[in-house]
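Since the structure of chain A is provided, determine the placement of chain B on it from the hints.
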Amino acid sequence: AQSVTQLDSQVPVFEEAPVELRCNYSSSVSVYLFWYVQYPNQGLQLLLKYLSGSTLVKGINGFEAEFNKSQTSFHLRKPSVHISDTAEYFCAVNRANTGNQFYFGTGTSLTVIP
Amino acid sequence: EPEVTQTPSHQVTQMGQEVILRCVPISNHLYFYWYRQILGQKVEFLVSFYNNEISEKSEIFDDQFSVERPDGSNFTLKIRSTKLEDSAMYFCASRARQGGSEKLFFGSGTQLSVL
Numbered sequence: 001a002q003s004v005t006q007l008d009s010q011v012p013v014f015e016e017a018p019v020e021l022r023c024n025y026s027s028s029v030s031v032y033l034f035w036y037v038q039y040p041n042q043g044l045q046l047l048l049k050y051l052s053g054s055t056l057v058k059g060i061n062g063f064e065a066e067f068n069k070s071q072t073s074f075h076l077r078k079p080s081v082h083i084s085d086t087a088e089y090f091c092a093v094n095r096a097n098t099g100n101q102f103y104f105g106t107g108t109s110l111t112v113i114p
Numbered sequence: 001e002p003e004v005t006q007t008p009s010h011q012v013t014q015m016g017q018e019v020i021l022r023c024v025p026i027s028n029h030l031y032f033y034w035y036r037q038i039l040g041q042k043v044e045f046l047v048s049f050y051n052n053e054i055s056e057k058s059e060i061f062d063d064q065f066s067v068e069r070p071d072g073s074n075f076t077l078k079i080r081s082t083k084l085e086d087s088a089m090y091f092c093a094s095r096a097r098q099g100g101s102e103k104l105f106f107g108s109g110t111q112l113s114v115l
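Note that the protein sequences, when read in sequence, are chains A and B.
This note's numbering numbers the first residue of the first sequence as 1 and each following residue consecutively.
This note's numbering numbers the first residue of the second sequence as 1 and each following residue consecutively.
To be clear, the hints were calculated from the coordinates, so they are not data collected in a lab.
Note that the coordinates shown come from a computational prediction; the quantities given were computed from them, not determined experimentally.
There may be inaccurate statements among the hints.
Stated by the list, open to error - Ranges of calculated distance between the beta carbons of each label pair, as one might list FRET restraints:
#1 A:Ser70 / B:Ser66: 41 to 47 Å
#2 A:Gly62 / B:Glu102: 38 to 44 Å
#3 A:Ser80 / B:Ile54: 26 to 32 Å
#4 B:Asn74 / A:Ile83: 35 to 41 Å
#5 B:Leu115 / A:Ile83: 19 to 25 Å
#6 B:Gln17 / A:Glu16: 45 to 51 Å
#7 B:Thr5 / A:Lys58: 44 to 50 Å
#8 B:Pro8 / A:Lys58: 34 to 40 Å
#9 B:Ile38 / A:Ser84: 35 to 41 Å
#10 A:Ser3 / B:Lys83: 41 to 47 Å
#11 A:Lys69 / B:Asn51: 33 to 39 Å
For each residue, glycine too, the CB sits at the ideal point set by N, CA and C.
So here's chain A without its partners, still in its complex pose (with noise of 0.2 Å):
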């Protein structure tokens, strides 16, 4: 089985400030990652995703994340955050080529200061 671990459930940062959000998995095969972000009000929406080849992937809003196989690790970054980013983050992992079912984490909510 897979499962996501995230470890800050609550991130508050000054607008214009790098932010990082932390993302682990366990999993005994191979998988694929996920960030999704979810607006007030409104559904999930992925941000970006890694399947294979460069570690380093690029998502929508200047969100960017890197997939370490030796940490277990996804984190995701933003260089400048923007009032707008304000909203909670998801990570989440499947199985690479046949998984059908996501497992998420237990979200981290971005909170940015004026």
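Chain B in isolation, oriented as in the chain A frame:
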């Protein structure tokens, strides 16, 4: 971008009552899912559905739950006799094809409150 639509956005019910949560997946998608998120907890998988039958379900999805695709466009989740612990945000999702790399599209959720 195409959207998954869920109705209602909020549902309040009394314990022991039946509720039906409705979803309209993206029209050419073949795989459908229900997830739920209890406040402050993980988004949890409930069930996946393909070719008019359940393809996978979690331990949460017990006999009180059922899913249906009654008319080729709607995808419903029924809870027969709601319990307090069923209070959660329920997300419907769909995707075009099987496989981990295929993008999952989520609806905006139905907040179910069981009193």
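Each hint, compared with the structure:
| no. | hint | in the structure |
| --- | --- | --- |
| 1 | A:Ser70 / B:Ser66: 41 to 47 Å | holds (44 Å) |
| 2 | A:Gly62 / B:Glu102: 38 to 44 Å | violated (25 Å) |
| 3 | A:Ser80 / B:Ile54: 26 to 32 Å | violated (45 Å) |
| 4 | B:Asn74 / A:Ile83: 35 to 41 Å | holds (37 Å) |
| 5 | B:Leu115 / A:Ile83: 19 to 25 Å | violated (36 Å) |
| 6 | B:Gln17 / A:Glu16: 45 to 51 Å | holds (49 Å) |
| 7 | B:Thr5 / A:Lys58: 44 to 50 Å | violated (29 Å) |
| 8 | B:Pro8 / A:Lys58: 34 to 40 Å | holds (37 Å) |
| 9 | B:Ile38 / A:Ser84: 35 to 41 Å | violated (27 Å) |
| 10 | A:Ser3 / B:Lys83: 41 to 47 Å | violated (26 Å) |
| 11 | A:Lys69 / B:Asn51: 33 to 39 Å | holds (35 Å) |
Comparing the model with each numbered hint stated earlier shows that hints 2, 3, 5, 7, 9 and 10 do not hold.
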